[in-house]
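Visitor: Protein chains in written order, with this note's numbering: chain A, 87 to 301; chain B, 87 to 301; chain C, 12 to 259; chain D, 12 to 259.
Be aware that one or more of the hints could be misleading.
Here are the simulated SDA-like pairs of lysine to any residue, each with C-alpha atoms no more than 25 Å apart in a straight line [to be verified]: (1) K228(B) x T197(D); (2) K168(B) x I236(C); (3) K145(C) x T198(D); (4) K168(B) x P214(D); (5) K240(A) x A210(A); (6) K228(B) x E280(B); (7) K84(D) x R162(D); (8) K228(B) x T198(D); (9) K57(C) x M12(C); (10) K106(C) x A79(C); (11) K84(C) x I147(D); (12) K106(C) x V45(C); (13) K145(C) x I150(D); (14) K228(A) x D225(C).
No lab work stands behind these hints: they were computed from the structure.
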Amino acid sequence: MTELTRITRQDLAARIAADIPEGAFVNLGIGAPTLVANYLPEDEEIILHTENGLLGMGGAPEEGLVDPDLINAGKQPVTALKGAAYFHHADSFAMMRGGHLDVCVLGAFQVAQNGDLANWSTGAPGAIPAVGGAMDLAIGAKDVYVMTDLLTKKGEPKIVEACTYPLTGVGCVTRVYTDHAVFDVTPDGFRVREAFGSNTVAELEGLTGLSLGGE
Amino acid sequence: MTELTRITRQDLAARIAADIPEGAFVNLGIGAPTLVANYLPEDEEIILHTENGLLGMGGAPEEGLVDPDLINAGKQPVTALKGAAYFHHADSFAMMRGGHLDVCVLGAFQVAQNGDLANWSTGAPGAIPAVGGAMDLAIGAKDVYVMTDLLTKKGEPKIVEACTYPLTGVGCVTRVYTDHAVFDVTPDGFRVREAFGSNTVAELEGLTGLSLGGE
Amino acid sequence: MIDKSVASVSDAVAGIEDGSTVMIGGFGRAGQPVELIDALIATGAKDLTIVNNNAGNGDTGLAALLAAGQVRKIVCSFPRQSDSWVFDGLYRDGKVELELVPQGNLAERIRAAGAGIGAFYTPTGVGTQLADGKEIREIDGRAYALEYPLRADYALVSGYRADRWGNVVYRETARNFGPIMAAAATTSIVQVDRVVELGSLDPEHVVTPGIYVDRVVAVGDRAWIADGEFVGGVDIEGRPLQTEEDAR
Amino acid sequence: MIDKSVASVSDAVAGIEDGSTVMIGGFGRAGQPVELIDALIATGAKDLTIVNNNAGNGDTGLAALLAAGQVRKIVCSFPRQSDSWVFDGLYRDGKVELELVPQGNLAERIRAAGAGIGAFYTPTGVGTQLADGKEIREIDGRAYALEYPLRADYALVSGYRADRWGNVVYRETARNFGPIMAAAATTSIVQVDRVVELGSLDPEHVVTPGIYVDRVVAVGDRAWIADGEFVGGVDIEGRPLQTEEDAR
Numbered sequence: 087m088t089e090l091t092r093i094t095r096q097d098l099a100a101r102i103a104a105d106i107p108e109g110a111f112v113n114l115g116i117g118a119p120t121l122v123a124n125y126l127p128e129d130e131e132i133i134l135h136t137e138n139g140l141l142g143m144g145g146a147p148e149e150g151l152v153d154p155d156l157i158n159a160g161k162q163p164v165t166a167l168k169g170a171a172y173f174h175h176a177d178s179f180a181m182m183r184g185g186h187l188d189v190c191v192l193g194a195f196q197v198a199q200n201g202d203l204a205n206w207s208t209g210a211p212g213a214i215p216a217v218g219g220a221m222d223l224a225i226g227a228k229d230v231y232v233m234t235d236l237l238t239k240k241g242e243p244k245i246v247e248a249c250t251y252p253l254t255g256v257g258c259v260t261r262v263y264t265d266h267a268v269f270d271v272t273p274d275g276f277r278v279r280e281a282f283g284s285n286t287v288a289e290l291e292g293l294t295g296l297s298l299g300g301e
Numbered sequence: 087m088t089e090l091t092r093i094t095r096q097d098l099a100a101r102i103a104a105d106i107p108e109g110a111f112v113n114l115g116i117g118a119p120t121l122v123a124n125y126l127p128e129d130e131e132i133i134l135h136t137e138n139g140l141l142g143m144g145g146a147p148e149e150g151l152v153d154p155d156l157i158n159a160g161k162q163p164v165t166a167l168k169g170a171a172y173f174h175h176a177d178s179f180a181m182m183r184g185g186h187l188d189v190c191v192l193g194a195f196q197v198a199q200n201g202d203l204a205n206w207s208t209g210a211p212g213a214i215p216a217v218g219g220a221m222d223l224a225i226g227a228k229d230v231y232v233m234t235d236l237l238t239k240k241g242e243p244k245i246v247e248a249c250t251y252p253l254t255g256v257g258c259v260t261r262v263y264t265d266h267a268v269f270d271v272t273p274d275g276f277r278v279r280e281a282f283g284s285n286t287v288a289e290l291e292g293l294t295g296l297s298l299g300g301e
Numbered sequence: 012m013i014d015k016s017v018a019s020v021s022d023a024v025a026g027i028e029d030g031s032t033v034m035i036g037g038f039g040r041a042g043q044p045v046e047l048i049d050a051l052i053a054t055g056a057k058d059l060t061i062v063n064n065n066a067g068n069g070d071t072g073l074a075a076l077l078a079a080g081q082v083r084k085i086v087c088s089f090p091r092q093s094d095s096w097v098f099d100g101l102y103r104d105g106k107v108e109l110e111l112v113p114q115g116n117l118a119e120r121i122r123a124a125g126a127g128i129g130a131f132y133t134p135t136g137v138g139t140q141l142a143d144g145k146e147i148r149e150i151d152g153r154a155y156a157l158e159y160p161l162r163a164d165y166a167l168v169s170g171y172r173a174d175r176w177g178n179v180v181y182r183e184t185a186r187n188f189g190p191i192m193a194a195a196a197t198t199s200i201v202q203v204d205r206v207v208e209l210g211s212l213d214p215e216h217v218v219t220p221g222i223y224v225d226r227v228v229a230v231g232d233r234a235w236i237a238d239g240e241f242v243g244g245v246d247i248e249g250r251p252l253q254t255e256e257d258a259r
Numbered sequence: 012m013i014d015k016s017v018a019s020v021s022d023a024v025a026g027i028e029d030g031s032t033v034m035i036g037g038f039g040r041a042g043q044p045v046e047l048i049d050a051l052i053a054t055g056a057k058d059l060t061i062v063n064n065n066a067g068n069g070d071t072g073l074a075a076l077l078a079a080g081q082v083r084k085i086v087c088s089f090p091r092q093s094d095s096w097v098f099d100g101l102y103r104d105g106k107v108e109l110e111l112v113p114q115g116n117l118a119e120r121i122r123a124a125g126a127g128i129g130a131f132y133t134p135t136g137v138g139t140q141l142a143d144g145k146e147i148r149e150i151d152g153r154a155y156a157l158e159y160p161l162r163a164d165y166a167l168v169s170g171y172r173a174d175r176w177g178n179v180v181y182r183e184t185a186r187n188f189g190p191i192m193a194a195a196a197t198t199s200i201v202q203v204d205r206v207v208e209l210g211s212l213d214p215e216h217v218v219t220p221g222i223y224v225d226r227v228v229a230v231g232d233r234a235w236i237a238d239g240e241f242v243g244g245v246d247i248e249g250r251p252l253q254t255e256e257d258a259r
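Just chain A, with the same shape it has in the complex (with noise of 0.2 Å):
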């Protein structure tokens, strides 16, 4: 088998910057999928959330300025733009749960093909678990799109028929952008939304396991 085509995780963050249309409030989680704040067109005015009681949160301060009050919800130092708003933390988890959030970006171990997200926990015997924001943005945002290699260091399948690590949310997923290819969560599993380079939905089937849709 030829080697399929993967993109970076910067040309992934990319990829789904410019899914995010100008207004639509979005929260980016943590981790990786912060990146794509990076790649948010600077024309555009789309209003970053954080968890910890912000909306219209600005990128990472200069020098000398970073502000031990002003973090985001991976507690690394960030702005404020004119416009934004702070409020406490159950006004903020309020915003997420009733479903205000247009978009939300979130790392996952697993995606289930009805959508179901794993993203917090392996279960491994003796980790300590840690959950935080994770569900209430899995159930919140009207789209959850999930940030993630297609495949684990391992060459096991991310996107499953059924998550066998413990849940975040169910049947929550909308989206699915991975270093291989685009998939949309739909009714009948996942679909092929766009393929990278010359992967083919026959290849990425080969990779899955799962019937992708393809024509």
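Start from chain A and add chains B, C and D according to the hints.
Guide: Chains B, C and D in isolation, oriented as in the chain A frame:
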């Protein structure tokens, strides 16, 4: 039977005011109970709450300074003191329902000996019902004081064995201030806390038909 | 560029159809979005379900909407007031339906709709007629009634200042139901005295973040404010205050 | 005269007994009331149940309280962090109990305690391990889990300014859990940089009204503020920023 002592509405308001300690958070409802504000000691700080979103409510505005945005629950113009805070309706009623007010003072059609309060509806056919914040105040404040005449205009007692009017709250009243006497609501029913003038417990029992625990 | 400001109150209320549920902010006259209500009257939309704390005062605002025969049902806590003659008449004639809700349950149901809460147990109203038929549960020795969220198609809200992102601040007790209604409606429309430059509202002081607001419209300084300073203006009954004497 | 200000952090935490449930504000280091936590450590109170979003960072603040062996149980959403080694060790050794709650349910349970809500149905966590054993109800076609209020004996909160009535304003994302914890505890204790004159906080901008606050204590300007102006100060790891170079 000799005429019993009855104190004026103003004296009753002053009597209630005398029982409110400095630092208390107090809601005076609408109507007659708002008179209590006029008798709070000027050299003590007592913080008034109004359900429409203000703590630290002050008295009526000076001439020419009526501000239609700044009103009390009875929709009368008021002022805000130094140290005041505005908040929205869900926060205001969270404050009431959550048990944070020390005292509220309400009017009543009837109070039962178990503390049941009826003050929002006479149940008369054809009457337009209106409840406002009465039910929230009745169940929310730490102490619920009722301010009322002991008898209706027809001479019927307003402290009763059991309410016949529709209830506002169950077992919520802690004390009843009337023109004849002050009554505590106890596990054994009403007890006279203070009889005004020459009124005796026996006389009050005669008026109300209740056992008031006179020795 | 995001710009939620619209040019006129008629643009602001565009799309409100017959049969819509419309939340209208305000507690009595304070915070009542009179200009938006007038625009709603002009649309002629009928069979409306209105959610408000009251049922109109005098002959203006919500009372005028009722008088125009556009309201099928009103959900409120306190319809009966000294100046609620329009509602009183319609109700007695059986021309408007009333759902009476204790004020705190009304506020919390609206809040629950915006906050994604499926239902909640409240102590308010338990043991009274207004909890008749509701599920009662004892929790930690206290009885609570189950209440459900109250949603709307539209919210009409009166704020003080807004920016083009839809961030809103309010004025004094006119804040009341505005913030929770803005969050509970599919389309939220806010009238303000002035739409200000983005960045001129302090992020610490924003009360309704723009995420809850779809349209903002400037209606000009309220009558009792000139150049941002209080100058008297109208009394609590809505009569203009031309001189200090009028304010008695 | 009402004066909720106390002279020292040790006065502020007086009365916290063994076995108390203590809510501690903060999200990571932002809004963590470090001076109050240090005072709590000094009391030696043990067998504490702590409610916080996290389980301590580095070796200071909440981590130091854990290291001191004073905590029996922690209720939080996100204990495992790159610098949570103190908690990690205690947890692995079975020396501290953990109740893991999704962050929004944690916030809403705290809010419910302050708001007198008996219980509420939340969609968050349904179908996951964290809703195991909870009552599930379908409402309008969606599944919700029943969650109960989370109360505390004490809340330790970090604000920015307070007055002697206990009104508090916060700073940026350090607001986080402060307002809801202050409302959910029997005794709420707030440290601020400065206690200011009554009347110098604008009533429109107060975030926590004094009704929720029992004691306030001034701990001096945070390191990265001098005379109210931002001057840099410490980085996100708590290292002092003396020069611009340090801020890299």
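Visitor: Going through the earlier hints one by one, which of them does the structure break, listed in rising order?
Guide: 3, 9 and 11
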